[in-house]
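Take a look at the letters that make up each chain.
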Amino acid sequence: MVQATRFVRPPNVLRSAAFRLAAVYALIFCISVAALTFVAYERVRSSMSRQLQSAAQSDAEIFARALARRRTAGAGAPSPQEQALQSRLIVRGAREPAAASATDRSNEPLGPFTTAGNGFRDEEGSESGWIGFGLRLADGRYVAALRSNEPIGDAMEALVEAATIAALIALVLSMAGGYVLSAFYLKRVDEVERTARAIIDGDLARRMPQRGTGDEFDRLATSLNRMLDRNSELLEGLRQVSTGVAHDLRTPLTRLRHRLERLLDQDLGQQQQQRELGGALSEVDHILAIFTALLQISQVEAGAIRAGFRLVDLTGVLKQLAEIYQPVLEAGDRRLITVLDPGLNIQGDRELLTQLFVNLLENAVTHTPAGTTVVLSGRDRGGTVEVSVSDDGPGIAPRERDLVFRRFFRSDLSRATPGTGLGLSLAAAIAELHSSTIRLDDNTPGAKFIVSFPSARR
Amino acid sequence: MARTENEGPCRRRPAGPPPTLGLRLKILVVEDDPDTAQFIANGLREQGHVVDLANNGRDGLLQASVDEYDVLVIDRMLPGLDGLSLIRTLRAAGTLTPAMLLTAMSNVGDRVDGLEAGADDYLIKPFAFSELNARVSALGRRAPTAAVETILTVADLTLDLLSRRVARAGRQIELQAQEYKLLEYLMRNSERVVTRTMLLESVWGFHFDPRTSVVETHISRLRAKIDRGFGPELLHTVRGSGYSLRAPS
Chain A
1 MVQATRFVRP
11 PNVLRSAAFR
21 LAAVYALIFC
31 ISVAALTFVA
41 YERVRSSMSR
51 QLQSAAQSDA
61 EIFARALARR
71 RTAGAGAPSP
81 QEQALQSRLI
91 VRGAREPAAA
101 SATDRSNEPL
111 GPFTTAGNGF
121 RDEEGSESGW
131 IGFGLRLADG
141 RYVAALRSNE
151 PIGDAMEALV
161 EAATIAALIA
171 LVLSMAGGYV
181 LSAFYLKRVD
191 EVERTARAII
201 DGDLARRMPQ
211 RGTGDEFDRL
221 ATSLNRMLDR
231 NSELLEGLRQ
241 VSTGVAHDLR
251 TPLTRLRHRL
261 ERLLDQDLGQ
271 QQQQRELGGA
281 LSEVDHILAI
291 FTALLQISQV
301 EAGAIRAGFR
311 LVDLTGVLKQ
321 LAEIYQPVLE
331 AGDRRLITVL
341 DPGLNIQGDR
351 ELLTQLFVNL
361 LENAVTHTPA
371 GTTVVLSGRD
381 RGGTVEVSVS
391 DDGPGIAPRE
401 RDLVFRRFFR
411 SDLSRATPGT
421 GLGLSLAAAI
431 AELHSSTIRL
441 DDNTPGAKFI
451 VSFPSARR
Chain B
1 MARTENEGPC
11 RRRPAGPPPT
21 LGLRLKILVV
31 EDDPDTAQFI
41 ANGLREQGHV
51 VDLANNGRDG
61 LLQASVDEYD
71 VLVIDRMLPG
81 LDGLSLIRTL
91 RAAGTLTPAM
101 LLTAMSNVGD
111 RVDGLEAGAD
121 DYLIKPFAFS
131 ELNARVSALG
141 RRAPTAAVET
151 ILTVADLTLD
161 LLSRRVARAG
171 RQIELQAQEY
181 KLLEYLMRNS
191 ERVVTRTMLL
201 ESVWGFHFDP
211 RTSVVETHIS
221 RLRAKIDRGF
231 GPELLHTVRG
241 SGYSLRAPS
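Residue numbers (the numbering used here), protein chains in the order written: chain A, 1 to 458; chain B, 1 to 249.
Please note that the accuracy of each hint is not assured.
[Said to hold, decoys possible] Calculated pairs, DSS-like style, for lysine-lysine (alpha carbon to alpha carbon, straight line, at most 27 angstroms):
1. K319/A x K225/B
2. K319/A x K181/B
3. K26/B x K181/B
4. K319/A x K448/A
5. K181/B x K225/B
[As the list claims (entries may be wrong)] Chain A stretches covered by chain B per the calculated footprint, using a threshold of three residues with CB under 8 angstroms from any CB of chain B:
6. 374 to 386
7. 389 to 400
The set of hints was computed from the structure by calculation and includes no laboratory data. All C-beta atoms, glycine included, are put in the ideal place defined by N, C-alpha and C.
All chains should be modelled from the sequences, with the hints used to inform the complete structure.
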C-alpha cells in the first residue's frame, strides 16, 4: 500500500455537487422573493393611493360643505367632523365670495391630482408627497384637499425590509442546509471512494459499505459489490487457467524434452530415432491442441461472434451429428438413441453449436465403458429448446459436478484418458455465448448434460 | 486447424516418392518468415512442384499478376501488403488463381474473412506439411475443371450425382447419407491425398478436431461397403497423410 494514498485530500464541501445545487436553489429563491416583492409593492402602492384619493375626495367634499355652511351662517352647528376639518382649513387672504350666482348648482369634481410637477410645495419645500382632490364649488370657488402619501412610503419601506430579511434568512438557511447535505453526501461518496482505493491498493476482498437503508447509495453499493464479485470470479477463473496452463503444458513439455534428450544420444538406432521423433511431434501437437482450445474459449467468451448469429436449424444439426456419431459409438460397442422434435430453431453460430454438441458426444464416448447407451435428445419445451446428451455409464460424482466445466478439470477417473481437459469448458463457453445454460444432472445411473436455449422468435 | 494429433508417430511426411502422382504445379509462396518459406518451398519442390518465393506483399502481388501460377500460398500477415488485401486486389483485377491463405489466427471470424476476400482455402499455423501438400494439390486440380459432371467414376466405381446411386462393377451399393457425402468428396478428389482435416471440414463441416476417431470409423465403414468383396482396393490409407481414392495402376 502506498503511504501517500492514506492521506486523501479532505473533500472540499464547498466544491461538492450537493452544495452547488443548494446554492443554485438559494439564488432561485432570492430571485423569486424579489419578484414577489415587486408585484406586492405595485399592488399595495396602487391600492393605497386609491384609498388616499378617495379620502382626499371626501375631505374636499366636507370642506365644500363647511364653506357653504359658513356662508349661510347659523344654519345649525357644524358637525364635529367639520369642526375638526375647519381647524385645518387654510383660508389665506381669501375674501368672502359674493353671493352665489347659481346657488342650486352642485359642486363639480375636478378629479385627483398629485402635487408633483404642479408647483406645489409643502412647508419643508418638498414638491411631492401629497395626493389631492379638487372640487369647483357651485359658487365658482375651488376647494382642494390634500393627503400626505407618507403612509405609502412607510408601507413600501416595511415591505422591502421584510422581503430582504426573508431572503437573507433563506439564503443562510439554504447554504447551511446545502452544507449539511453535501457533507452527508460527501461522507457516503467518500466511503465508496475509500473502498475503491483500498481495492486498487490490493485489498481485493473489500466491498462497498452498506447501511441497510435501501437508499440510492445502498443500491449503488449493491451494484458495485455485484460487479466486484463478478470481477473476482473472472480473476479467479484467470488464476485457475494460468495455473492450469502452467501445469498442463509442463507435462507434455517435460515429455518432449526427454524425447529430444534421448535423440541426442548417438547410439540410438534408426528405428528408435524415428519413434522418438514421432513421439516428440505428437507432444507438440498436444501442446498446440491445448493452445487452440484455450484461444477458442477466450474468443468465444469475448462474445464478438454474437454479431454473426443467424437462425440455426438445430434439428438438422443434431440429426447430422447423430448420423456421424452413430457409427463411432457402434464401433465402440455403444448404442446411440436419438429423440428429436422437428423444427427446433435457435439464433446462433452453426459451427460453434456443432462443436458444443460434438464435445458433449465426445465426452460421452470417451468416458463411458462399452455397452453404454447414449441418448441424444432435442425437445421443444415451449419457449426453450432443450438439448441433452445422457448416458447410463458410471456418471460423475456429485462433488465434481460443478467442476467439470472448469478449465483443465480432469476427474480422477478420467486422468488417464487422453484429452486437454478443455472440451467441457469450451462447451460451457459456447452455451453461455448463446444465452443458454448448461448443467450436469444425475441420470441414475450415468451423466446427463442438459443445454437449454431460448427458442428463436420467428 | 491442421492438427492431426491422433496419427501418432507415423504422421511425418514420407521421404520416399511423392504420394501425389504426376501433376507438376507452378506455385508462388508469399511468406516473410525465411524459415517457414524455405520449409514450404523445399517440401513442395520435393513433391515435384516448381516453387517461386516472395517475402513481402507487394512483390507477391507483382509476381502473381505478371506470372501464371497454378496455386498461390499466401501468408496472412505480410510486410508491405497483407495477405487479405493481396488476394482481394488480385480478385478485383480478375486473377482467379486458386489461393491458400496461411495464418496464425484461428478465429472463426478470421476464416470467414479470408474466404470472403477470395481465398480458396485456409490453413492455420502451425500445420503439418502433409496437410499443406494435400490441400495445394487439391487446389491445383480444382482450377481447370469447369465441366459439370453428373457421374463420378473411379475405376469400376460410379456415383450418380443426380439419382444418388452408387455402384461398383455394376452392383448397387447402399450408402447412408454421411457415407455418401464422404464418398462423393473422395471421388471428386480422386487420385489425390485428402487429409483427415480436409474430410472433417468439407464433409462434415467440423472446423475443429474431434478427439475420437470419427474419420477413421466412417472410412472403415465406407471401405467395407465399396471395397470388401470386390476386386482391387480403391480406398487407400496414406500413412502419415490421410486417404486416397484411386484406380489401381
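Each hint, compared with the structure:
1. K319/A x K225/B: holds (23 angstroms)
2. K319/A x K181/B: holds (15 angstroms)
3. K26/B x K181/B: Given that 27 angstroms is the threshold and the Cα spacing comes to 31 angstroms, the pair is violated.
4. K319/A x K448/A: This hinted pair holds, its Cα atoms lying about 19 angstroms apart.
5. K181/B x K225/B: holds (14 angstroms)
6. 374 to 386: violated (count 0)
7. 389 to 400: Three-residue rule not met by the region 389 to 400 of chain A, so violated; n is 0.
Checked against the numbered hints above, the structure breaks hints 3, 6, 7 and satisfies the rest.
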